[in-house]
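*Asks:* These are the residues of each chain, in order.
2 protein chains.
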Amino acid sequence: MKNLNEQDLPKAISTYNIEALAQLVVLVRERIIETIAKKGGHLGASLGTVELSVALHHVFDTEIDQLVWDVGHQAYGHKLLTGRAQDFESIRDFDGLSGFLSRAESKYDSFGAGHSSTSISAAMGMALSQKFKNNGAQAVAIIGDASIVSGMAFEALNHLGDSKADVLVILNDNAMGIDPSVGALKDHFSKGSSSIQSFFESFKIEYSGPIDGHDLSLLLESLKALKSLKGPRLLHLKTIKGKGLYAAEKDQVTYHAPGKFQPQTGQRFEIKKSFLKYQEIIGETLFELCNKASNVKVITPAMSTGSGLSKVLIEFPQQCFDVGIAEQHAVTLSAGLATQGDFVCCVIYSTFLQRAYDQIIHDVAIQKLPVVFCIDRAGLVGNDGPTHHGVFDIAYLSCIPNIEILSPANGQELQHLLFELKAAHEQGLLNHPVALRYPRGYSELKNLEGHVKIKSMRQNEWLKKGESVGIIASGSMHKIVDEFIAQRSDNERFSVFNLRVLKPLHSDEIITFLKAHQTVITLEDGVLKGGIGQSIKQLAFDQAYQGKIYCKGIEDDFVPHGTTSILFKNQNISVDALNVLVD
Amino acid sequence: MKNLNEQDLPKAISTYNIEALAQLVVLVRERIIETIAKKGGHLGASLGTVELSVALHHVFDTEIDQLVWDVGHQAYGHKLLTGRAQDFESIRDFDGLSGFLSRAESKYDSFGAGHSSTSISAAMGMALSQKFKNNGAQAVAIIGDASIVSGMAFEALNHLGDSKADVLVILNDNAMGIDPSVGALKDHFSKGSSSIQSFFESFKIEYSGPIDGHDLSLLLESLKALKSLKGPRLLHLKTIKGKGLYAAEKDQVTYHAPGKFQPQTGQRFEIKKSFLKYQEIIGETLFELCNKASNVKVITPAMSTGSGLSKVLIEFPQQCFDVGIAEQHAVTLSAGLATQGDFVCCVIYSTFLQRAYDQIIHDVAIQKLPVVFCIDRAGLVGNDGPTHHGVFDIAYLSCIPNIEILSPANGQELQHLLFELKAAHEQGLLNHPVALRYPRGYSELKNLEGHVKIKSMRQNEWLKKGESVGIIASGSMHKIVDEFIAQRSDNERFSVFNLRVLKPLHSDEIITFLKAHQTVITLEDGVLKGGIGQSIKQLAFDQAYQGKIYCKGIEDDFVPHGTTSILFKNQNISVDALNVLVD
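Line by line, the protein sequences give chains X and H.
For the record, in the first sequence the residue sitting at position 19 is 19 according to the working numbering, with numbers rising by one throughout.
For the record, in the second sequence the residue sitting at position 543 is 543 according to the working numbering, with numbers rising by one throughout.
Looking at chain X on its own, in the form it has when it is part of the complex:
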């Protein structure tokens, strides 16, 4: 019986016979289920690629050949086969294995990822370099059906076919992203053969398949045949997301990342939380807004479940659109809707909004269109790690003219801001884009209060007046500040300022606040470079402020994966770190 902990993996796999390879498939699948059952994390995608992972490591020589796995959460099998089985239990833990691929983690991870649709471009770069060197090395991109229809993958296909680069694209078609795949092309994938063949052949890419991606012998045979060919080739695999765990096959959306579960039955250990997630607040509020007014439109690029929009999407198909993994289109579509007087909420993760940076500038901000960007997962996201932290948005948005950036301190403020923006739009008073950023996870709310009339939230608030130390905090940072204040016996020393409006910075208020304190501490859950603390120091310099200012935020380095509480502590953003500053 083979063992995943053998020292000679992946090299030895090339020598295994079909029985040994089949054993390996069983071992890998069991290990994935067993580990993720205990730990939580991504499950379904990797269960669908176990046979493929084993077959690739048998057919290709990964000492020289380059396997480029798109996204990376489909590549746990690859991790287990490349010497990381012993550490596999540490996956997604701080200092443990990454939940995606990483060049820093293993030489067998040819190209790191976390976002989708990069693999063909990367593999093509490798192939063009290798071709010139004539070293016989192969480049293989493994990409899902939801990812291959994203814009950048299409750009790569169009160049690939023209370039004649020796790239094998493996289309892992399970008809799913996180949610079911969308778009006109998906039907061709499901219809299979002739229509999809002609589509890829438009790109001068040689198509083969579709074959059953769980048929190991067939996979081996197909890969061997394709390995011996040159030029751009595509192998279409039909796979089942969640393969091998009945519950995961049946409910593929939930079991994309099911949390902890019972490994035999798949039954999930649901943690009953009495608090609402920010995503639930957004979902419920947009539901209510769509229900009230037909000009409310909601756009999501393939993240309807993650963003809390499943119900809105089902109930309001003429108002809420899942556009697929298509962030560029999502933003410009929103701009188009906004020109017609619609109130458009483009709900998008901070990290994925990076994909539509030009569209924010060129299509929305220059034209002052009132698109509301609901920026989900702003700040540190935890175990997904450096590819996913939403720490750049304050910096990359602050430099864009015409945009208003709002950072509610809690769930209640988030809901009120949405209501308030809608009301402003109705009155013709919303004449520019707004970014509304909120974190991943739980808010302070157990129930939504609904729309109660209160004062505007599009302003800052001096929450607590104190004697000597002023704290300026934005968004999720208030949780830490509240805890800090609650713990201090000398809390009369501290003022707290709720900086909801990150842009335009209300300089007068901030200057008044600075001048009222000898020491000021700023906290933000974004990078310090280009962040709010930096702008405040600039103001302080211009005003010849003679006190001290300490800025808490993300240092100029990519933040690894781990729980947000570990990560914030490591960034020196914690109650303890505040205590050190003021004691």
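Hint data in this document are derived by calculation from the structure and do not stem from the laboratory.
Where hints are given, some of them may not hold.
Where chains are identical, the list cannot tell them apart; a pair therefore holds if satisfied intra-copy or between any two copies.
With a cut-off of at most 27 Å between alpha-carbon atoms, the simulated BS3-like pairs for lysine-lysine come out as follows [claimed, not checked]:
| # | residue 1 | residue 2 |
| --- | --- | --- |
| 1 | K164 | K186 |
| 2 | K569 | K368 |
| 3 | K548 | K479 |
| 4 | K515 | K548 |
| 5 | K133 | K368 |
| 6 | K446 | K230 |
| 7 | K186 | K204 |
| 8 | K107 | K277 |
| 9 | K292 | K131 |
The structure presented is a predicted model; accordingly, all values stated were derived computationally and were not measured.
We have chain X already, so just place chain H on it with the hints.
*Replies:* This is chain H only, laid out in the frame that chain X set:
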């Protein structure tokens, strides 16, 4: 005889008979040629769409229907037909008409542009909104063959076909971008009918054509027929870029934007400049590097002529790749090449790099890959205006970890930096991405000196020591500073610091410089928010610097079009503005 200055345009066009429409075509084409001959600017694209512009305004009611012209430099005919004929001579001038479309300029410009491939998304947003209102309004996107294969247009097509939105896409196929179109799909466009039909029908978009885009009757008939249909439709037009001016038809690359010319013959009035453009310096230097080492790779996304790479592209087809309008792919392809030990220069305009922001972060910076971004047209670009100014890159790159940002003060420094980076790479000392930003237009060099061994340029330099006022300037700002110093009779007062390294900021040097002066002026050709001046003020605050700092840079507003000298003056970045500060 019809007249372009008639008050009732475009409304009256719907009443014209075919003869009157044909007259209009002649008038429009003549006016475009005559005006651009005198003024310079974009020519070829708009000459190819004259019949289309007239036909669209006859068939559609642009009081309610939405025409969305991609890019906008193909829409001069549309401008002339929508009440802007009298102002047409002011095109691209400061305070004159924009060279692209602009919602601020005319209600007939449904959606502004300047960058490519946004039109389908925008038109689709309009159509989805209109459909819900059931107001019978039509949405039409007019897009070129080089633009429709860009990623975001593909994302839009995939969503469009699925959504059943009532959008008419007009494919203006002239087989050209600025340079000839590239990519696997272009052959299908040229082959026409069945293969291209099947491609678009993959997206569930009803295809018709190809038809001759210069046959007015046929155009009218086709548009009328398509107007009466519903759902996603595409009309494929074959057009000739430069149509109607022989010289422009013959040399479509040059006549994309030929400068001034003789209107009858098309003969260009070439301005003999004795100085080299920065683009020529890049082109020559990369040519030399490619010639010397096979691991040098050069990537351009459809801007080979504009970036000075035509010769490199022709001579080194295995080292230099034009990937088409595909910025996302361009950057990740570069990353893939870099993983194989190649020295990769990704040459891209500052404004277009915005299209690949996530790829810089996710594919290059996190992995610390030594891609060199040659950022062309950094700073104000002049008459192309707000969609094209390269003023955000310092801010949006500075917040990204691991990246080095260099800003050579002149052409000589630019060449040396490229040589130096190549040498560092060869020695295994380049282990992170580098951004090398330089402006549009002419340098100080008449000839390239070549590779002379001098001290490193990857550092700052205190160029001139003075008594009281310290000037910190980066990149193109040195031209203004040099002129200022030359004019001052009291120039012993002034120090000049050449800030070549914008990131990482060499704090110690800057602090030393600050402390040596009572007054410091910083100059940068980028936005002040998130820019260098702001970082320097932050340093100054931390150091309790008691002098004054004045920051010159782009204010927090989009900069209009006009000559760079007018625009810089309007931004208060000029010799006069410096004089005011120090007198």
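*Asks:* When no copy is specified for K569 and K368, does a C-alpha distance of 27 Å or less occur within a copy, between copies, both, or neither?
*Replies:* between (39 Å within a copy, 25 Å between copies)
*Asks:* State whether the alpha carbon distance between K292 and K131 is at most 27 Å within one copy, between copies, both, or neither.
*Replies:* Between copies, since 18 Å is at most 27 Å while 59 Å is not.
*Asks:* At most 27 Å between alpha carbons: which applies to K515 and K548, within, between, both or neither?
*Replies:* This pair counts as both: shortest intra-copy Cα distance 11 Å, inter-copy 19 Å.
*Asks:* Could you place K446 and K230 in one of the four classes (within, between, both, neither) given a Cα distance threshold of 27 Å?
*Replies:* So K446 and K230 fail the 27 Å test inside a copy (59 Å) and across (47 Å) alike.
*Asks:* Could you place K164 and K186 in one of the four classes (within, between, both, neither) given a Cα distance threshold of 27 Å?
*Replies:* For K164 and K186, the Cα distance is within 27 Å both inside one copy (26 Å) and across copies (15 Å).
*Asks:* How would you label the pair K548, K479 (within, between, both, or neither) given a Cα cut-off of 27 Å?
*Replies:* within (23 Å within a copy, 38 Å between copies)
*Asks:* Have a look at K186 and K204 and pick one of within, between, both or neither, based on CA distance no larger than 27 Å.
*Replies:* both (20 Å within a copy, 11 Å between copies)
*Asks:* Have a look at K133 and K368 and pick one of within, between, both or neither, based on CA distance no larger than 27 Å.
*Replies:* between (50 Å within a copy, 23 Å between copies)
*Asks:* Quick one: K107 to K277, C-alpha cut-off 27 Å, is that within a copy, between copies, both, or neither?
*Replies:* For K107 and K277, neither the intra-copy (38 Å) nor the inter-copy (43 Å) Cα distance is at most 27 Å.
Checked against the numbered hints above, the structure violates hints 6 and 8; every other hint is satisfied.
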